[in-house]
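Enquirer: Residue strings, one per chain:
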Amino acid sequence: MKLNEFQQKLFDEQRPHIETFGKRATFWTIFYLLWIGLGGYALYLQITKGHEVTGMRDNVVWGLYIANFIFFIGISYAGAVISGILHILKVEWRKPIIRIAEMITVIATIIGPVFILLCVGRLDRLHHLFIYPRLQSPIIWDVLAIGTYFTGSCMFLYLALINDFAIFRDAKLNVPKWKQRLYKFFANGYRGTPNQRKHIRVSMNLMAIMIIPLAIIVHSVLSWIFGMTLRPGWHSTIFGPYFVLAAIFSGTGVLLMAMWVYRKMYNLHSYITDKHFVYIGYIMMVLAAGYGYFTFSEYLTGWYGSEKWDSEVINKLFNVHEYGWWFLFANVAGIISPIAIVAIPATRKPNWITLSAFFMVIALWVKRYLIIVPTLESPLLPMQDTRTAWVHYSPTWVEWALTLAGVATFFLFFTLMSKFVTVVPISEFGDKEATKEKKQVVVQEVKKEEVIPA
Amino acid sequence: MKNEEYTDQSRRDFLKLTALATATAACGSLCSCGGKHDHSAMSHQSGDTVKLLSPNGEIVEVDSSMIDHHNHMAMATREEARQGIPGKKFVMVIDLARCKNARKCVSACQKMHHLPKDKEWLSVKLMKDNDKASPYWMPKTCFHCDNPPCVKVCPVNATFKRQDGLVLIDNERCIGCKFCMAACPYSTRVFNWTEPHQEGLTSADYSPETSTPSKVGTVEKCDFCPDMVRQGLLPDCVTACPNGVFYFGDENEDVVTNGDETVRLSQLLKDRSGYRFMEELGTKPRLYYLPPKDRMFPVERGYDALPDDLKARFKDVMENKK
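Just so you know, the protein sequences line up as chains A and B, in that order. Each residue of the first sequence is one higher than the one before, counting from -3 in this note's numbering. Each residue of the second sequence is one higher than the one before, counting from 9 in this note's numbering.
Everything labelled a hint here was simulated from the structure, so no lab data went into it. Among the hints, erroneous ones may be present.
[Said to hold, decoys possible] Some chain A residues near chain B, calculated using beta-carbon distances under 10 Å:
| no. | residue |
| --- | --- |
| 1 | V116 |
| 2 | R118 |
| 3 | S133 |
| 4 | L178 |
| 5 | F182 |
| 6 | T382 |
[Unchecked claim] Derived pair list, reagent style DSS-like, types lysine-lysine, alpha-carbon separation capped at 25 Å:
| no. | chain 1 | residue 1 | chain 2 | residue 2 |
| --- | --- | --- | --- | --- |
| 7 | B | K292 | A | K312 |
| 8 | B | K127 | B | K140 |
| 9 | A | K5 | A | K86 |
| 10 | A | K312 | B | K112 |
| 11 | A | K45 | B | K223 |
| 12 | B | K323 | A | K45 |
| 13 | A | K5 | A | K304 |
| 14 | B | K319 | B | K140 |
| 15 | B | K323 | A | K304 |
| 16 | A | K304 | B | K292 |
| 17 | A | K304 | B | K112 |
| 18 | A | K304 | B | K140 |
| 19 | A | K271 | A | K19 |
| 20 | A | K312 | B | K133 |
| 21 | B | K127 | A | K45 |
| 22 | A | K304 | B | K136 |
As the structure is a computational prediction, the values presented were derived from the model and not from experiment. Don't be surprised by glycine CBs; every beta carbon is placed ideally from N, CA and C.
Hey, can you work out the whole structure from these sequences and the hints?
Expert: Structure below.
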């Protein structure tokens, strides 16, 4: 595969990262594996002793696991929507960051459903979902939607990677044979012929167009798992749009965090520039405003009304002795802080923006928890139960261990991926980019000539 | 000649032997299906003895575990359990004016289904409709709704609505996603968070109509005891209640009975102003309540004599009584 000047420079800078695993990556891999190991032990306990080792009981039947599921599928929107939309709009500056975005999508869509599996009581009967499905059930809609979405996202990621795999295959990298074989396999015979280029371009355009309605469907379906019940706080018409917007919003947050980490770790400052942070920051700010509007509308309506059940849930969220502080944190860190930090020019810098993104992501996780648990703690019939574990949900160490194991798996996949392919895609900067550079050089030359005689 | 005779006789013998062997094997496999639980049932000497009358007219004492206590004639097949008892439309009426929280219904249900003390398929709530109203005891079973929100959301058809009106659960199909529990607005379903320890039960005892034994990781609830009904008996909660609070019957026949009184359902609901709990949810429950008017007992009768742990449940409502 032939590389232009820009691409060659880009490739040479990133080459060492895919050639050697490195001490730092080894350290982090072991660190993540330890957390995953702890999660494995927790899972073993859960399988052998039953779900009684979690904090879930007959009233709060869904807890941390479902919050994690919604959270991870939410952040997967980084690639699906952001990468998809930027691709359709043919925005030039998207190029260095789309691979990170797509990786977030694929990895998050793998880990999210694992959390549902952790919540299911009979893992030995999962095949029932496929041999006895009921299409009327939102869970089956979920299975279909996420299955399709995952397939589509993998395809989208892979299509963008084919050209790069061909570059790695031909670059005579100093890698072990198995890795070279993998590159050859994934390159799938790509030679960069005009026909092949056209196929990839058309496929990617199609995938980008298809993935956007697919993403909207996925998170709407997820929200309807709550929205289709009769519970206060869940049976709200805003849930579909609310969850979709929150997902894209949290996706930008995780994208910013990933950009910051990779930029620092792999010294990519000339490619993932401050400009990228500002632009994604603008997107984050606009989405924060939208998310804030939906949140405000939802809770103002609930608070203003007098219905007993809605009021019970709202009171739990506003009461500082119950979930008040968490609700405040979720809204300040989740809405106000991203807007403020990006709006004020002095803080519109990569570090500040990433910091606000970090707190925003945490805040959105807390928000998912606040959607699930307070409603379940407010059933329509009085609980009249003296067992504290039945009245109030308190996650156990098993649930936390599995949550952290999921997060560790997420980071582990990222670490391993970045050792397999370059973080900034090489092939994206094909002829167009080189032509643009050439044009700039020619323009400068012409200008010089014009100036000197005068 | 001799050979043909021999062959005819030996063929008959062979067929008889094969038939006998097959029948024995079939019986043996029926006995041994259910795996390890069967061993525990048969070899476990419970110590309880049962007096039986032998064919010779003698009284014989046999260990309880040697006897199959279950009426297999009444066991429905899987298909029958899904279809329901034809021609019936079961309905229950609970007379709130009579309930004094004796909780005999709760313990009878738990005994019949081998439930531990803290698992209640039938629970008694202390309800107070508004500040000025007097609290009243409200026993609550599954309502077996005609528009069940639980059935709507089950992804694998583990919970289903039958033609006789009952909503049952097949705990061999259930994957334990608990969506039905989130969807039920009446908090009637319970989950097996741990391995249930139910002595002496085998999987041969299970059908969606018996709902027993429980299985870990699955959902369960009140089933209106269709296995009892098939035997012509009333559910245990109905017969156990000392005050005749529960009426059970058939909407098609328009009759309900509490074991003592048998009344016309439509007349009862008309005269006593029967209503359904939270009618506005649109789930169309098959359980009607008769309002707590002209009560048989003051509400304290059901509270003062309770053990402390149960009293603690209702303390808040009782203290706000005035």
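Enquirer: Of all the hints numbered above, which does this structure not satisfy? Sort the numbers upward.
Expert: 4, 5, 7, 8, 10, 12, 13, 17 and 19
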